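Using the sequences plus the hints, can you model the full thing?
2 protein chains.
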Amino acid sequence: MVQKNLIGPLAKYFDKCVDDEFYGESSWEKAESKFIKDTTNLVLSKSGITNKDIDFCFAGDLLNQCISSTFGLREINIPFFGIFGACSTFVEALILGSMSIDGNFANNVLCAVSSHFCSAEKQFRFPLELGNQRPPTSQWTVTGSGACILSKEGTGPYITHITPGKIVDMGIKDANNMGSAMAPGAIDTLIAHLADTSRSPDYYDAIITGDLGYIGRDIVLEIANSKGYNLKNNYNDCGILIFDKNKQDTHSGGSGCACSATVFSGYLYKELKNKRLKKLLLITTGALTNSTTSQQGESIPGIAHAVSIEM
Amino acid sequence: MVQKNLIGPLAKYFDKCVDDEFYGESSWEKAESKFIKDTTNLVLSKSGITNKDIDFCFAGDLLNQCISSTFGLREINIPFFGIFGACSTFVEALILGSMSIDGNFANNVLCAVSSHFCSAEKQFRFPLELGNQRPPTSQWTVTGSGACILSKEGTGPYITHITPGKIVDMGIKDANNMGSAMAPGAIDTLIAHLADTSRSPDYYDAIITGDLGYIGRDIVLEIANSKGYNLKNNYNDCGILIFDKNKQDTHSGGSGCACSATVFSGYLYKELKNKRLKKLLLITTGALTNSTTSQQGESIPGIAHAVSIEM
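If you read the protein sequences in the order shown, they are chains A and B.
For the first sequence, the numbering used here begins at 1 and goes up steadily by one.
For the second sequence, the numbering used here begins at 1 and goes up steadily by one.
No lab work stands behind these hints: they were computed from the structure.
Accuracy of the hints is not assured; some may be wrong.
Identical chains share a label here; the pair holds if one copy fits it or two copies do between them.
To be verified - Below, in silico cross-link-like pairs of lysine-lysine (BS3-like), each with a Cα-Cα straight-line distance of 25 Å or less:
(1) K52 <-> K227
(2) K173 <-> K122
(3) K273 <-> K245
(4) K279 <-> K122
(5) K227 <-> K279
(6) K152 <-> K52
(7) K122 <-> K232
(8) K16 <-> K46
(9) K270 <-> K46
(10) K227 <-> K247
(11) K46 <-> K278
In this text, all values refer to a predicted model and were calculated from it rather than measured experimentally.
Quick look at the structure:
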C-alpha cells in the first residue's frame, strides 16, 4: 500500500495506491496508523490466516515511540513486539519472526512497518509549511505500509539465512544525506553475510538494499569494489526502484520503513513467487538518529539487516 | 546502575549510584547514553564474557528513536536489535533473547535498557525549567540503566517461560496516570500466563510488575481479585520497591525502562541467586504513547511482557 505513487514505476504491483496524504484522517500520524492497520488487515485477508492463528506480531515505524504501529495495531489482539531499526525495521522484523518460527515458538508471524513523508519531515527536519528547499542529497520518505506473514508451512519463497547488522557510525552528520550515513552499515552487513555463507555476490539473482538512494548506492558499489566484491551486475536499491527519477521530484530516491517494505511486499515478493527471481539478498538500512542528536552535534549511526530469500 | 538513589531502599544492591544527573556529559540524552554504555560494559566485565562472544544485543529506551541505546551502544560491535516496548522493554529483550538462545541462534545475548527522569520529562511532558507541579498520580522516571547477559550455559537463574503481551487500550487519557493506563495490560498478560501454564498465582514466590506504581498496583490487585485471582500474598511492583515513599518525593512510585531493569538486575537477580527467591514472575509494563498522541486526544495503549524465572 503506497500513497500517491500512481506515476511510480512499481504502482501496478501495489495492492492499493492512495491519493490523499491524510487518508481520511485528521492528522498525518493518524493517517500513517491507518495505513499500517489497513495493510495488516489486507495481508491477513489475502493469506486466509486469521489473527487468532498469528502467534506474534513484529512491527515498527519511524515516529517517536513507534506510535504508528502501536496505535494502528492496538486492536489486533496478537502478542506484540515493538521494534525499532529506523528504515531497517522491515528486515529486523523478518529476522526476529524467522527465529521465532524456526525455534518452534510460532507457526505464523505478522511483520508490518509504515512510514509517511509528512509525519517524518515534520518530526525529523522542518515543518512542511516552511516549504524548505531540499538539497539534492535528500531522499523522499515513502508514504505507505508493507506487511507480510511468515509461516512454518507453505510453498515459498523461503527465508534461508539471517544476518542482523551491527551499528556502524562513520561520522556523517548531514541529516539530509542519509544514504551516505547508512551505506557503511550496508557494506558491513553484506560482507558479514558473504563471509558467513562463503558466497560471492553473484550467488544472488539480486542484492537489494533498503533505502540508500542514488548516493548511497554509489557508495556501496565503490566500497564493495575496493574490497574485491563486484556488485555491478545484480545490485540495486529500493529507494531507486520505487520512484521515477525523471517524473517524480524525489532527489536521491526513496527512504523510510515503507520503502523496502512496499518494494519487497509489492514487487520483489511477486518476482520471487513467479520465479523471475530465485535468490534474493534483501538488506534494509536504517539511520539511527533523531532531531535532538542532530541539534547536539552528533553523527548519524547506521545499521543494516539482511535476509536471504529463495524460491 | 541508578542515579541519585543513595537514600532509596535498594541502593545497597546497585553496582553504582551516581549523584550528577548529567553524569559528566553536556546533555541529559548524552548522560543516559553513558548510563547504558557503562552498564553494559560493567555486565560484560562482571560476566567474564567478551563482546566477541555475545551473539546479539537487544536494547531500547524511552527516547525518540531509541537514541539512548543506539548512541550508547554504537561502539559495541555486536549484531544489534533495537526494540521498543516503552517501560516494558526490559522483559521484551529477555523474551527475544531467550527465544534466540533456545532456538539455537545464539549462545550469549546482551539485554540492556535505560531511562532518565530529565530526558523523559522534557520529551513526554513539560520542560523541567517550568517547575510544573506533578499530580499525585504521576510517577518518577528512574534515571539509570539495567543490563543482563542471557547464556545457554550457566548455573541459573533460568528463564523457563515467556508470555509476550498484547496491546490493551482501556481508554485512559491522562499522561500523568500511567499506572492506570498500564494495569489492564499487566492483568491481561498475567492471566494469559497463568492460563497457559495452568498455574495459580501462589505457584510463584513473587509476582512483580514493572512500573505500575501504587495506583496501578492497586488496580491490578482489584481486577485480579474480581477475576478470582488472589495476589495479596506475593505481588509487588518495581515502581514501589525502588523508592522510599516517605523520604523520596516520587508520588505514585517509579517508572521508566530502568525501573524494572535495575530492580531486577540489581535486587531480584541477587535474591534468585541467593535462593531467597526461587520462583519469580516478572511482568514489565509499558505505556505506548507520546506527546503528539496526547495532544491529538488519543488514549494510552498499554502492554506487558512476562517471563518466569526460576532458580
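Subject >> Homomeric proximity label, K227 with K279: Cα distance no greater than 25 Å >> reply: The answer is within: 23 Å in one copy meets 25 Å, while 52 Å across copies does not.
Subject >> K173 and K122: within-copy, between-copy, both or neither at 25 Å Cα >> reply: Both: 19 Å inside a chain and 24 Å across chains, each within 25 Å.
Subject >> K227 and K247: within-copy, between-copy, both or neither at 25 Å Cα >> reply: Neither, since 35 Å and 61 Å both go past 25 Å.
Subject >> Identical-chain pair category, K279 with K122, by Cα at 25 Å >> reply: Result: close neither inside a copy nor across copies, 38 Å intra and 48 Å inter.
Original post:
Taking 25 Å as the upper bound on the Cα-Cα distance, should K52 and K227 be classified as within, between, both, or neither?
Top reply: between (48 Å within a copy, 23 Å between copies)
**OP:** Go through the copies and call it for K16 and K46: within, between, both or neither, with a Cα cutoff of 25 Å.
**Re:** within (13 Å within a copy, 53 Å between copies)
Original post:
When no copy is named, should K122 and K232 be tagged within, between, both, or neither for a Cα gap of at most 25 Å?
Top reply: This pair counts as neither: shortest intra-copy Cα distance 36 Å, inter-copy 48 Å.
Original post:
What label fits K273 with K245 when the C-alpha limit is 25 Å: within, between, both, or neither?
Top reply: For K273 and K245, the Cα distance exceeds 25 Å both inside one copy (27 Å) and across copies (61 Å).
**OP:** Give the relationship of K270 and K46 under a CA distance limit of 25 Å: within one copy only, between copies only, both, or neither.
**Re:** within (14 Å within a copy, 49 Å between copies)
Subject >> Intra- versus inter-copy proximity for K52 and K152 (alpha-carbon distance at most 25 Å) >> reply: Only inside one copy: K152 and K52 sit 16 Å apart there, 31 Å across copies, limit 25 Å.
Original post:
Between the shortest in-copy and the shortest cross-copy C-alpha distance, which are at most 25 Å for K46 and K278: within, between, both, or neither?
Top reply: within (23 Å within a copy, 47 Å between copies)
Hint compliance for this structure: hints 3, 4, 7 and 10 are broken, all remaining hints hold.
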